[in-house]
Structures are given as C-alpha cells and as structure tokens.
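**Q** Chain by chain, the residues run as shown.
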Amino acid sequence: METLEHILLQPFRSIAETPMFFLEVLIGGLMSGVMYALVALGFVLIFKASGVFNFAQGAMVLFAALFFVGFLELGWPVWLAVAGSVVVMVALAFAIERVVLRPLVNQPPIILFMATIGITFFLDGFGQTIWGSDVRRLDVGIPTTPLIVGDLYINQFDLFAAVICGLLVTVLALFFQFTPTGRALRAVADDHQAAMSVGIPLNVIWTIVWSVAGLVGLVAGVMWGSKLGVQFNLSLIALKALPVLILGGFTSVPGAIVGGLLVGAGEKVAEVFWGPLVGGAVEDWFAYVLALLFLLVRPQGLFGERIIERV
Amino acid sequence: MTTAATDLRLDSRQAATGRRQRRIGGVLLAVENVSLRFGGVQALSGVSFDVRQGEIRAIIGPNGAGKSSMLNVINGFYQPQEGSFVWKGERLARMRPHLAATLGIARTFQNIALFKGMTTLDNIMTGRILKMRASFLEQALWWGRARREELAHRAFVERIIDFLEIQHIRHTPVGKLPYGLQKRVELARALAMEPELLLLDEPMAGMNLEEKEDMCRFILDVNEEFGTTVVLIEHDMGVVMDISDRVVVLDYGKLLADGTPDEVRNDPRVIEAYLGLVHD
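In order, the protein sequence lines correspond to chains C and X. Using the working numbering, read the first sequence as starting at 47 and increasing by one per residue. Using the working numbering, read the second sequence as starting at 1200 and increasing by one per residue.
Isolated chain C (complex conformation):
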C-alpha cells in the first residue's frame, strides 16, 4: 500500500508543490526531445521515399559531424565548413544511389535494409579513418548561458536547437504533403514499379531524398556534436530515434517531432519525479518501454499511415 502510494501519489504531490521546477524539467525535456526528433527526421525522410529503413542514419550523423569539425580544425571559416560538409553529404547521396541502390531496384525492402547496415559499417570506418577517433570539441558559437524568463531557467542552446528544428520540419512537412515532387516521393515509397511506369525517375528521387537526409543528419550532427563532442557515440543516438519513430509513425514528418517531444519530455519528467523511487536511471529505458506499449496498442504510430490489410 505504501509502495503504491509512493509510485502513484507522491510524485504528483511533489509536482503540485513545485510547479515552477516541474515546468523547467518539462521544458528541458521538450527541448532535448527536439534533438531526438532531428535524428528521427532523417529516418522518416528515407523511409517515406523508398520504403527503406535506413540503418545508416546514425552513421550519417557522425560522418557529417566529423567532416564539419574536421574542416573547422583545418582553419576554415564556419560558412565554408558548412558548405564543404553539404557538398560531402550530397556527394555521398549520389554515391549511395549509384553504388548501392541502383543495382537493388525492385528488391524486397529487407534486402535494402541489409544494404544500409553495410553502409553503416562503411561510414563509421571511413569517417574515422580520415579524421581519427578522438573526441573533438565543437563550438559553433551558440550561446550556452541560461536564459532567465521570470522564474524559469531556459537553456539558450536548447532553445536555438528547437527553433532550427521547428523550421526544418515545417518546410519538409509542407513540401512532402503539398508539392508534386513530394507526391512523387510518396509514390516511390509506395510502389517502385508503378512509380516508374508513370515516368517518375527513381534515381533522381533517391538522390534527392538521401541528400536531404544527409543535410538533416548534418544539422543533427552539429547540434549533438556541440552538446556531447564529436565522437563515435554520436552514431548511437540513432538508437534513441527508434522509440521516437515508433511513437510518431515511420512515415510522418510531424510524427517524428511529436514523438521526439513525447519521448524527451516523458523521460525527463519520469527521471526527476519517479527516478528516486527505483534508484534512478529511468531516463535510459523509459523511451523503449513507452515504444513497446505503443507497439501493442497502435503499431502504426500516432501519425503513421494506417496499415491496410485486405483479405
């Protein structure tokens, strides 16, 4: 009885007693959720346009960040480093389309998925062969001092990340839903053969999508790299994107955002208010348990396209 009270009532009581503190935790959580969403977004783009779950998205984040930080260390100004990294990511998209995707047209999705695992190993190895495997500090001049609004402390860096991410998502969502190219992208995701039969050039579409996913990866890499340092661990944040995708739905750009916010806010609040009851570390598993529950109740996610089975 006492345990139940501890779990079910006590945390809510402390939330009610310290509303400002709760709000701070919530905002902090939402903002780190935006960072998860940024990674998840890369997955969604490629999944929407080719029906392929791109295992390599995490590796692309690391790869982009390595080049960016590498260029900065060569003494390049920030704008040139950005341009250079963009060129690298677009070139990578061309290479992947030419070498990996084109020979595998019309293969079942599982084959393409396996191919992206191969790409992961290649990118992890290749990036670190060129730039080494040390942890590098990345500072692009985003202020990290807290912003004080009334009684609230808000991390300026997180706020900045949230704004960037919000912009990116709005543009992408509108583009996918309302333009002919967006429609073509969705068509390719649905059925390769049919898309080809109406004259959609598959190769062009794939190159576009992988380029955009690479650019989103670059943004995510720079943001996460500034926060954690650029290191091999960056490719593992892709794992956190998985529960985000399951919550939001693999095919929905807005879903990636909402999923990211839910996971970010949920795990922070759970950690702070429920964590002490079980000795902490709730943050590490909260997202996965939430994803598991979602799989049972709503496997297509919050915003995913309904899985339609006709029998």
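Please note that a few of the clues may not be correct.
Partial list, derived from the structure: chain X residues whose beta carbon lies under 7 Å from chain C [unchecked claim]: (1) Gly1288; (2) Ala1292; (3) Ala1300; (4) Gly1303; (5) Gly1316; (6) Leu1329.
I should point out that these hints are in silico values taken from the structure, not numbers from a laboratory. A virtual CB, placed ideally from N, CA and C, is assigned to each residue, including glycine.
Add chain X to chain C, keeping to what the hints say.
**A** Chain X alone, transformed into the frame defined by chain C:
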C-alpha cells in the same frame, strides 16, 4: 456462357460495328525480333509485330507464353537480349521506363500496382508528373507556375474521374477500395498521362460480369473518344474477339499467329495450342 455474357458480347459487338469508321493510322510501334532470356529460361524468342495508331491490339496465349514479359519489354522494365523498337518511324535500340513514359506509353499491371497509402486523387495526380514544368524551387514556394499548374492538372484529373465514374471515392485511400475499383483507379492513373499507347495487363482479370462489362465500355470509349491506341492482354476470349482489331498469339515465347480475330480463331495452330478453349 450465361445470357448476361452473351449480352455483353452483343453490346460490345454493337459498339465495335459503331467504331468501324474509326481512323486506323500507320504503324505507331513496331517490335522487331525481340528475344528475352532469364538465365536458362527463354521467355521470348524472336517476336516481331506492330501496333497501328488507333487500334485495339490484343496479345493472347496460354499461361507462361510470355505475354506479360512482352509488355514489360515494351515499357522498358525488362531489357531484351536481342531486338529493337520502332516508335513512329524512329528506331530505338533500348527502351527504359522513363523513356517509355516520356514517349507516351502508359500501362496498368496484372497485380494492380497502386500507391496504396495515397488517395484516389493523389494516385491519379501522379500520372501528371511528366507534364509538370515548374521547378523544384517554385514548387517548394508554391509560387507562380507551380500554383497555376497544380490547378490545371487538378481540373484535367477531375475530367478523368468523371469519365471513369469514380467521383465517390476521390478521397479514399486506394488500399481500402474493392478490387474492381482499384483496377479502375489504375486505369485512371494511366489515362492521366494522356498516353498515345495504353498497355493493359489483364484489365478484367478477377472481375465479375458487371465489372467486366464496365471495363470493356471504358476501354472502347477511351479508344474511340481520345483515339488512344490500346494493347491488352486478356484471357477472356469472348472479350478479346469482340473488342480487338487484331490479335497476336504467343506460345512458349514464340509468335504463333497474328491477324484479325477471325483469322486467328480459325488458325489450326492456335486451336491446337489452346485445345478446347476456342471451340467451347
């Protein structure tokens, strides 16, 4: 044959006689000496035939005769080891799906290949993709040409929707539609491309009589009103003999016969290949 089936045949025959004034032009597409192998399997060997502007051309043959392979060769999904094409008098060594679509060849599939998660309207709109001229940037900003174009294409697509009588399912995701309607949406998407040559792979397979009747009428109307050339694969001999102008018969990847329905029907080799299908 049931009475309804006989009616169907009468209906389409009347339509067929009404169509006799149609203008059948010169050769639109000639397929020359096409051979296609998959490893050790010879799917097509040395097949040649032509399709004239404005006609309805049927390809028939027993299962595994290479009919679908032939369509896949024509629209560039399969690359034959030998053979070439002549499109409007111009020789093409290779055909690619994108090139085929650009030339004005549209198709439907035996096992329905629609974009299942998208609505009927969006599916048909994909057929307009090659007609869109606005640049990537204009689209992104929904500005100038992009806006005007989208509206014009939407209007065109609405005409097709009216024509095929699928207004009521405009906003339904096609994955939810029954089979017969999905086939119709697929035809609509092909028509949205304003094709010169329409390839139909078993457009009536698995349909009930009423649906078959509708589909027959649509094919004849398309051919008559838009002058679209049609190549179709079909197993229902009644339908084939009634609506087509000329028939190609394939058997084991080889050309067995080529001629008007009457000629083909009475060809002893065709009768032998079908053994009982024709004299039922």
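**Q** Should the hint that X/Gly1316 touches chain C count as held when the rule is a Cβ pair under 7 Å?
**A** Since chain C brings a Cβ to about 4 Å from X/Gly1316, closer than 7 Å, the hint holds.
**Q** Classify the hint on X/Ala1292 as holds or violated, based on whether any CB of chain C lies nearer than 7 Å to its CB.
**A** Hint violated; X/Ala1292 Cβ to chain C Cβ min 20 Å, cut 7 Å.
**Q** Have a go at the X/Gly1288 hint: is there a Cβ in chain C nearer than 7 Å to its own Cβ?
**A** Check failed: Cβ of X/Gly1288 comes no nearer than 22 Å to chain C, outside 7 Å.
**Q** Hint validation: X/Gly1303 versus chain C, beta carbon distance must be below 7 Å. Holds or violated?
**A** violated (10 Å)
**Q** Next item in the hint list is X/Leu1329. Is there a CB on chain C closer than 7 Å to its CB?
**A** holds (4 Å)
**Q** Checking hints one by one. Is X/Ala1300 an interface residue toward chain C, by the C-beta closer than 7 Å rule?
**A** holds (3 Å)
When the structure is compared with the earlier hints, violations turn up for hints 1, 2, 4 and for no others.
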